[in-house]
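Novice: One letter stands for each residue in the lines below.
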Amino acid sequence: MKELKIYNFMGPSRAMMVVSAVLLLLSSVSLSTRGIHLGLDFSGGTQIEVGYQQPAAVETVRAQLVDAGFDGPTVVHFGAETEVLLRLKEIPVVDQAAVQSEEQQPDIGQRVVAALSAGGEQIELRRVDYVGPQIGEELREEGGLGMLVALAVVMLYVAVRFQFKFALGAVLALAHDVILTLGFFSVTQMEFDLTVLAAILAVIGYSLNDTIIVFDRVRENFRKLRKTQAVDVINESLSQTLWRTLNTSVTTLLVLLALYIFGGELIHNFAAALLFGVLVGTYSSIYVAANLLLLLKVSREDLLQPVEGELVDDLP
Amino acid sequence: MPNKYPLWKNLMILLAITLGFIYAAPNLYPPDPAIQLSGQSGAMVIDEDVLRQVERSLDEANIEHFEGVADGEAILIRLRDKEQQLSAKEVIQQSLGGAYIVALNLAPTTPDWLRSFGASPMKLGLDLSGGVHFLLEVDLDAALATRLESELEDAKVALREARVRYRSLEIVGPELVGQFRNEEERAAAEKAIRAQSQALTTVTNPSQNPLTLVLVVNDITLKDLQENALKQNLTSLRNRVNELGVSEPLVSRQGKNRIVVELPGVQDTAEAKRIIGKTANLEFRLESDSALGERFKFRDGTTSAVLQNTPIITGENVTDARSSFDENSRPQVNITLDAGGGWQMGHATRDNIGKRLGVLFIEYKTRLEKGLDEEGEPVMVPVPFVEKNIISLATVQAQLGKSFRITGLDSQRESSELALLLRAGALAAPMYIVEERTIGPSLGAENIQLGVRSVTIGMGMVLLFMLVVYRVFGIYANIALSLNLVILVAFMSLLGATLTLPGIAGIVLTVGMAVDANVLIFSRIREELNAGLKPQAAISAGYDRAFVSIIDANLTTLIVAMILYLIGSGPVQGFAVTLSLGIITSMFTSIVVTRAMVNVIYGGRKIDRLSI
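If you read the protein sequences in the order shown, they are chains G and Z. Read in order, the letters of the first sequence are residues 544 to 859 in this note's numbering. Read in order, the letters of the second sequence are residues 484 to 1095 in this note's numbering.
Chain Z extracted, bound-state conformation (with noise of 0.2 Å):
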């Protein structure tokens, strides 16, 4: 039977589109202004209580709130007016204090039914959200300065070990250059130091001085330093972008040593960066046996210990940190210190076997505090605190060197978190702001509306146009270029994409690309009939013989939308990504949609004449 699609195939298509809709359904609920608050530590329990509290403080300054949410971690609660978030945000702050942080969200109003299909809505981009973007480079460069100091360090104490003599030791740019009496003492020391460090390789240049020797640091462990140069800084960056109260926050790894930061909704640039510029800090302490001393807790916030008050030693020492497994499978975390650190902690355990040892995690913080301005008004400033908790406390069991393990870690997990913390504890390579942007909430809303009127005007006019030269025709073609538009949005909100202005722009040029693969088909249709095929046939050879051209067309299209996702960075790949999705989608329906819609209501009877 010509121009018959089988039942299945029918009903296949007939999903996919059921499918679109489910999928693109969410996005035509616009989210509530809400406002979610959370605990300063992970410690802290937010349950119904604070939740009152919070309805109590809203009541109170004629703030109209439903469906306040508290799941003992945080509270959501939204607004019914978008205009009184802010000043929301401002009386919560101010009745609950600088525990809380208090961040402007968005709730979805999404239905239950949609969500239990697991549909949520796309994602909005900066430009169209507001918010600030950072772009931070890690200076790696620094870490290898660090690095090779503490190499530096570690090589003296291996010469004067083996009772090597030196001229001179030294760093000069990224090598380690050593001058020698003799070819003896030269390659007694360059015996000495490698034994002590597997990290240096030695650089024989036919033209160097026979009594000079050269080290670099090899390229293991450069790419190692630089790896954790990097992880380091996205963990404490992580742990400070908590503290800014963002609803969702952005941080992850852009390239070779930059991290991108993104916190939608914040308008204080200076704010964020002085939070973002800070580093945490560790001290090594021993518990002490009387009650001198002081007092911290742990970071869970569950007991307390007292420590002496003098530390041993702090980050600066600190070279690495890992966790693995000791000899019986048991976690453990494997502490690395420099030759300066490794010589204090010898001498301070030395006699303090048997004793308790404590590590403290110093962060710089700040918290919101009521004060009044200059008038007289209360306000709520940043007032900056020092946070000190204790991640580890465990018994000394012999004399400690450079390089130590604290074992009796219950979990993978813990000995993870540990050697986590210790890192970002120790010092981490300086970061600069290469690129920042900060866009205006109004100038956000402000895009969308821009990009929803151009899509609107742009697929009208397009309709329009197809309508008056396809006539019949034309209506499948518009009504496949609509459904492109559903299925498209669908795969956005599915794929968790992010949808941005150039995004949007993305889709108004799909909206016009798309019905390319139909004006092909229905011309090659047209032509098919001038060539006096009849009606039924013409269909036929028109999808037939369009068919190769529109692949070969797409694919191209499609392979210059993924170089350009490939070059692109934030916007630009946002419009990449809706070009190629659009690409996809848009074959399918301009091509296996329209023929299902011509097939069932051409197929298989007798026709004299189509209108195309």
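Bound conformation, chain G alone (with noise of 0.2 Å):
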């Protein structure tokens, strides 16, 4: 019989708060004085993905550009350096005079292509997109108000399912997480599309996951042991979900770093944000909901009592 060795997870407790306290600050400054670098999608525009056989320079293609017309383009390599990315000003509408003269336009893609193409350089277009700027919009709020459902939701399930305490520790938790997060890609400049708020919220699910495994323990130790100070409940809980939580960990995060590496262009920031999510999420499910649980004064009637009242509601 081994004795199962417990960590005083809550020793560093108010250090470990200064370090989030620091953490969420430096985030909020950036996202107020950097702002976020936003990807297509929310801000609108046209970006134009071309392939060359050979290294292009971005100087050269811009003055290309610029040449054929173009208002100030934004010239990027996108991953290799035969890979370029190009925002542009211009608009692909659709020409209602064009289409009732029966004209043939050339589309903007194939107008890129042949001012790109004047040296005699191979070119593959890659891909064109066009976000027009009443759908940036739209999904900028969307995508706000999605993470504040969700955050509600959560809220919601873990004040049914454990007690009110454990609810606005798991959120606390996670709203620390999507602010660090956020302010990851504010002081990285990365840019910020759909993808990543995918991943965000893929973040608050994962977080959550851990969240909860930790609080199941919690709960599961105050109805069982018969110690009444909480931070030793806590920690004998942390402890015992030690090995799962790290585990977990390492396993999500050796499948995000194959996508980091291997994803390609398209989802790096999707995983980078992930990967990043992902290790605030583990370090927050310890030292920022249990401490919450400290602080809010989590005790054994906390728990006992909500559990009688569901049975009562659950009467017809």
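Please note that a few of the clues may not be correct.
[What the hints assert, rightly or not] List of simulated lysine-lysine pairs, BS3-like, C-alpha gap at most 30 Å: (1) Z/1017 with G/548; (2) Z/639 with Z/606; (3) G/632 with Z/739; (4) Z/885 with Z/706; (5) G/767 with G/840; (6) Z/1017 with Z/492; (7) Z/1017 with G/767; (8) Z/706 with G/767; (9) Z/639 with Z/572; (10) Z/1017 with Z/1089; (11) Z/492 with Z/674; (12) Z/714 with Z/487.
Read the hints as simulated data drawn from the structure, not as lab findings. From a predicted model like this one, the values you see are computed outputs, not experimental measurements.
From these two lone chains plus the hints, build me the complex, please.
Specialist: Okay, structure coming up:
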């Protein structure tokens, strides 16, 4: 028989709270001063990816576009030296007049290829994206709303399944993860597109998963153990779930790493958001969620009553 | 007996796994590149003769082909080499001419025995297959403005007939505003207009001038108007997209006022946009008594009739067309015209009772024809042309007015189709492109490759990790994880879900998170062993105690995935779908399947130690 080693997780709880507070502050400052580099999905505009046979010089490409009459194009490499991503101000609208006159009007993609292959280069048009301004605005609204709704529903679920203090702990931990991940995107100025938003919601799901497992143990131990000190119960619960937390984080991080390295440029930022979010989520389920339980003075009594109440509620 | 599943339970699990393999299997068979050929109009017969012609032209161009099938409506012919698909299309188009629509397609190679189970491979999203995606917004304000104009005309007629004098009657924004000399005239005008049109309601505002009458289109009509504008646009878009010769186009509604058009395999967005941007029209013409006039075919191509040269009215005058039933429950179509159109129609039909009135459906189409480019090389050039077909030819029974009906239709299907065509030909609300995405075919293929590679590598690392950490039990978890992938793919194929790049990312993430349940269970078993329980009891306690945590944790993740589905669009929804399905299938494999394996191996016998 081996005795489980109990780690004093809550020992440095004060120090960890300071760490979290500092990180949150940094994120908020960066978000309000630097903002987020919004991708095409949210900002609206036209974006074209072209592939070259040989490595292409960004400066030359930009000059060629300006010569062809494009206004202020942004040109960057995309994943490889031979891939170039262009952001343009022109929009590929359907010209009603041209439609009526049955005139064949070259498309923006074709125009760009024509302009760039003037020097005889072989150019492949890989993708053309146009997002109207109203779509971008709607997505921004819906994205923010989606995150808030997700947090609210989660809070409700945890409050029903556990108790209000747990719900508050869980949601604050999630908000912590979301703000830090947004802060990460603000500090690095990586492009924030629709897939990153999806990644952040997946981070909410993952981090919640972690938190719930810890809470489940805390609840079980409060009922089972006769210890009166909440700190001891939480420490024991965290120690018991430590291996599970670490193992699951490792497997998830492994696949995310595979996605980050081999998944290609289009889901690079998605994988980055998840990698960062999973790390922060693992940390927050210990040092934010559990810490908050302590701060809110969670006790045995908190857990005994709602269960009885639940049974009463279930009666027709 | 501890840790034993009853036989039926084991059999059920085996059945579920077998079904998983069967429905996932079609994805292992890569589709053949193929060419699909159909006629510009549905009346054309595409039979063996056409097939022979297609095969001959492919032979001449040295393009290897096999298994050509003609079913009367279309031909599907498979090619050996994907590289030759484009040139094959050109060759066929050149030899057969513009009357045929030639499209690139992929023909499934699912074996017959799998197909007999109804199994088919997953559909690929545009980001994996390449193609064009448009999001169009229907301008509902414009539809309302058109409607208001026709209401204004009608109101003026109503006032004239009721002999009510007015100072002015005009459209101001979304309102119809009239000015009157005194309150009696205002009241009389309100009564006359409201009696004439149910679509308008009076707006009363305490601060407004008592001599002003403000009318707006009421909510029911407005909703109806918007619904119809959207449906009309959807119908005409579907008709037009078919012309583009795309094998599996998608035209569907999104939200209140948007339409998504997805054209897999299309690269020429200019051509696609030109065709999408076009509108159809209608002309009402009387049948001609003499040889003077124009001969038109019916839309189904069977017969023809001679109509007068000048139309009475055009689609612009048609405000609505609906299919319904007459007093004898026979199908009919009710047509409503605006005031001007009603007057014209009354004038034209007054002296022509007993004659037949034809409705012409006019479409602006494009066909490819052989031509020469600047260097004298033969190329296929798109040539626009107008197609006019009769969609209805009915005898005028009485003088027609603003609203009349067409009876004598054979079936309800016929009446609803006629109503649909009439509405599609009437002036629809304009559409604007609000989002456009073109994905090149090589990028799509590259995305699949990258996706498959990251799934393989990610999964390999997880399998290795589990084996190192949990040894023998790690093998069970790994088998469960592999089965999870199979069942997930089977589910997606069965549900007809579309696989996108973020969807692949969802699968990768699922692989990482799916082992969580097993990690929980195994950690728990270890704990119980450490606490001094015997192996059998530890297994049982481990599964039981971990179960609650697993359900709680997975349910919350599922909730988040559903929210993601609701707010997301396109690719993000693909991610949400694979994530949710993955959560559900992983609960089955990691709880039920591993338990069954553990039970079969350890159940019902004495064990001293577990390799966990």
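Novice: Going through the numbered hints above, which ones does this structure break? Give me the numbers in ascending order.
Specialist: 2, 8, 9, 11 and 12
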